[in-house]
Amino acid sequence: MFSSIRSLWIVFKHMFRRRETVQYPDEKPYLAPRYRGRIILSKDPDGGERCVACYLCAVVCPVDCIALQATEDEHGRRYPDFFRINFSRCIYCGLCEEACPTYAIQLTPDFEMAEYHRNNLVYEKEHLQIEGQGKYPGYHFYKVAGLKIGGKDKGEAENEDKPVDIRSLLP
Amino acid sequence: MPYVYIDGKKFEVADGQNMLQVALSLGFDLPYFCWHPAFGSVGACRQCAVMQYKDENDEKGKLAMACMVPATEGTRISIKARQAEEFRKSVIEWLMVNHPHDCPVCDEGGECHLQDMTVMTGHTYREFRFKKRTHRNQDLGPFINHEMNRCIACYRCVRFYHDFAGGDDLQAFAAHDHVYFGRYEDGPLESEFSGNLVEVCPTGVFTDKTLKQHYARKWDLQTAPSVCHQCSLGCNIIPGSRYDKVVRVLNRYNREVNGYFMCDRGRFGYEFVNSPDRITNALSRTDRSSDFEQVDDNAALDAARKSLGEAKGIAGIGSPRASLEANFALRELVGQDNFYSGDSERQKTLTDEVLTVLRNGPARSASLHDVEQADVVLILGEDLTNTAPMLDLAVRQAGMTKPAHNAKKIGVDHWHDAAVRELMQGERGPCFVATPTRTKLDKFSTRALRASAEDITRIGFAIAATLDDKAPAVAGLSDETLAFVEAAAEALREADRPVVISGTSLGSRHLIHAAANTAFALCKEGNAAELAFVLPETNSLGVSFLDAPSVDEAFEKITRGDIDTLVILENDLYRRIDRATVDSALNRCKRIIALDHIMTDTTGQADVVIPVAAFTEGDGTLVNNEGRAQRFYQVLSPGKAPEESWRRLLALAGANRRNGTTLDDICSQLFDTFPAFGDRLRIAPGARFRLVHQRIPRASHRYSGRTAMTAHINVHEPQPKTDPDSPLAFSMEGYHGKPPSSLIPFFWAPGWNSVQATAKYQAEVGGPLRGGDPGLRLIEPRPDAARSYFQPEPKTDSSGNKPSIVPMYHIYGSEELSSRAAALATRMPEPYIAIPSADRESHEVSEGDMLSLTIGNREFQAKAVVRDDLPTGTIGIPIGLGPFVGIDPNASVEIARGVTS
Ligand code: SF4
Ligand code: SF4
Ligand code: SF4
Ligand code: SF4
Ligand code: FES
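Top line first, the protein sequences correspond to chains A and B.
For the record, in the first sequence the residue sitting at position 103 is 103 according to my numbering, with numbers rising by one throughout.
The number in my numbering is simply the position in the second sequence, starting from 1, with 171 added.
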């Protein structure tokens, strides 16, 4: 009896509280940049594709909804030939972003992805790729890696010495 | 059996081992780099450090390298001691000082021993703030990619390439932390075993270039236990596929067969399954002058069935490059009397002779492992490097047997690699090579002799006669030959475990007899002599078990008009028999039904072509040159490639047979019909086999992309296909523990992602797999058989000046299927005609001339190559290259004049 009256009282009190309901979609909520929504693929500071097709996002994905195939350009730069995310399976856990060694794959605060047909939720590389660097400006994997690619010879990466002359015996 | 103590626990261990081996065998995780079970220890990398204690009262202990500590009675070590752990962690840290930030773009990633060891030791953060040393890479040819920055200078590559496999062109260069592993200059690695660097190198310095073209991580591959189809040795392999395409082949450890290694033909020859010449659609046509039309499979099967129904006489031609099951299914379809073995009469006689010798003689057929253990080797007529590459590698190891014995006598264990080699001073055990041309093994032999096939035969008989005077003698040997015979006979007589190696590549039956006589004579002396014969194809011996007549006999019946319809199973007849003969036989046939996986000249002559599975797409059983029956399993999921030929043939035999549609069904029929094959379940478990009620998954538990890889076609994931033929599953789900040895789809253990995980599957490190090595030996010797010696052939009169053929073989090019593999094809030599330098003048040719010659009555043209190692009076013909197929080495040959250079 007492608890019923107490409940009624609490409900009654709420009539004088500030309204929390947001008039979505007329009013958009604020979502922090780290909110985990639609996944994008970002680009290097110099505009090259950031993804190096290392398969780490694919392997860490708990629902296995990322599939890609690595390929290389004629100078040895590796990139994905195709890159597909099946968003109808994605649980937006953000593990792919955690795993990505190049900051290529990022989750964005866009969650408005409703579709009438599931197959419209299958995104290919052209749907995922954005022009900018996303949340992590400045990082350029190939500038750190030892691999030689077009425009960056051996020894030209950050923190690298010039290639050694193996025919020299000098220390 | 000594007792040792590891971390305070007492263990009984095998004799003559080191503590690293012992610890790994006991299941401890102890990091290492430079030690390899096949090469032994050098103590170079300092990674396997442990604390060693004098006795139970020693509390201080000292740091020692486990791989250099002999496991003798009372040895005490601690793996867990803090000092040792810290030391191992710092070693990794030092190695990582110069290591590039490459894992995401490194092909080794995910199966990298360095990654595993880094995680195992707990090193996580690079604190070194100075610059990294860098290297330039080399172009090492079509097989191996080079990325020198990643090197940790463990020296395994040169120890394999140079010390173990005897290659010259990979060396360590430069000094201190500049040390560089590569060739003197860019260029393809010359060794036939270079592909093993991919597995031997614990880092991503050497990686598989064919994999790189469609790179996928190890965890993403669908793999299955398989057997190499590219020569008669049947090395065990693991092909891996991604997105329904085979992307690489890895070695599969089987101590009795190939151990840790395989040859480049086997490793890179797989690419033929991705060739544009693959038959993907059934083809049919109404008459042979018109073009093929693509038809659907059932229409082709109906057409074939109709032709069989209308036929006046049928012949089913089997194939030594197809599985036992496929051959047997064809035999079932056409009936025993109409089944032909698929070999030419010439080859069939040779293979049958080998089988008889092995079955009825007192000499045991040697496995590759047996050859490695042999202390004296005699090679009669085979250019092993090119006809049975891994046998060549085994012979190179056999050279170590005797020196290792000698080292043992003065207390140096065989695993003490550097010490044993120091002691040897380049000395090798006795090895005698008699071949028509130079071979790569000459360098490792005690004596190498150049002689014609006929003379080699006589050498074999002479050695036998020297060993046992009851063996028939031969007269009239030259002094040089006599010296060879004497030396070989003496070494063989002294041997504890001699092996005689020969084969059919020179096309001589008497040569097989000569080898047999030598081995028999040795057995009579009480030695456990072994015999190894090289055969031309993967299932040559298996087909011989089926005991069917040769293709020539089928052709005869065609000529007589008894046969008008042919069913040809995975066989290019033009590679076996003279072109004109095949043409005339095929032209006489009303209907030709060919089953194959790749277009050949023979399928080009057919009326109906039925596509069938290549070795990665189906299951089957093969018998290798040792007489070991081995099972290979389907790698690609069903529906992604044509069905096995045995399935197609059974479908042809009766549209709705209820029984006889799975591998088990056809196997049990086959094994019932031919009791010589023994018990099929001893080759591999049947399809109903389960572990904890589960199948064995073909994919790792971290196989990725399942819900996206086909989502662009259909967003609903397809159900994994069930495998009616084996206990393996086309999926990542199932029992993830250790399967029986014949069903190991990949080597993996927690913390061990690289091939080094093999150790976890072995009964003891470097020993047999748990539960015994896969495969079933079908032939055992009969030690007490009343052995009779073979008689030598009378010496032919060589006064006529017709030259004879020396068949010359090439690892890249002589085998049919691998020569259609993209990377391998770039290493194939151009077709040539080899002229002995002594005969250059009489033939009036010089190097590079375009030469025309007739073999039998067929004409050939190719560039002349002058060789100083060819016996005079011969002409070298490169078997399998360009037009040089279907050649009888005993045919007459004549050089036609008047061709311009
Ligand atoms: S983890 Fe990053 S770099 Fe690697 S494949 Fe995924 S998106 Fe590309
Ligand atoms: S060798 Fe191993 S540790 Fe080094 S970059 Fe390659 S995967 Fe990473
Ligand atoms: S190349 Fe590989 S095997 Fe050779 S020393 Fe370097 S890390 Fe070791
Ligand atoms: S030796 Fe023969 S069976 Fe072994 S890998 Fe090479 S080709 Fe294959
Ligand atoms: S493995 Fe023992 S020192 Fe290298």
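Bear in mind the hints are in silico, worked out from the structure with no lab data behind them.
All figures in this text were calculated on a predicted structure; none of them were measured in a lab.
Any given hint might turn out to be false.
Claimed, not checked - Straight-line distance between alpha carbons at most 25 Å, and here's what the computed PhoX-like set of lysine-lysine pairs gives:
| no. | chain 1 | residue 1 | chain 2 | residue 2 |
| --- | --- | --- | --- | --- |
| 1 | B | 302 | A | 125 |
| 2 | A | 43 | A | 135 |
| 3 | A | 143 | B | 302 |
| 4 | A | 154 | B | 380 |
| 5 | A | 152 | B | 303 |
| 6 | B | 931 | B | 892 |
Claimed, not checked - Stretch-level coverage of chain A by chain B, calculated; a stretch enters the list once three of its residues show a Cβ under 8 Å from a Cβ in chain B:
| no. | region |
| --- | --- |
| 7 | 27-34 |
| 8 | 76-89 |
Think of the CB as a built atom: it goes at the ideal place given N, C-alpha and C, for glycine as much as any other residue.
Could you work out which earlier hints the structure fails to respect and list their numbers in ascending sequence?
1, 6, 7
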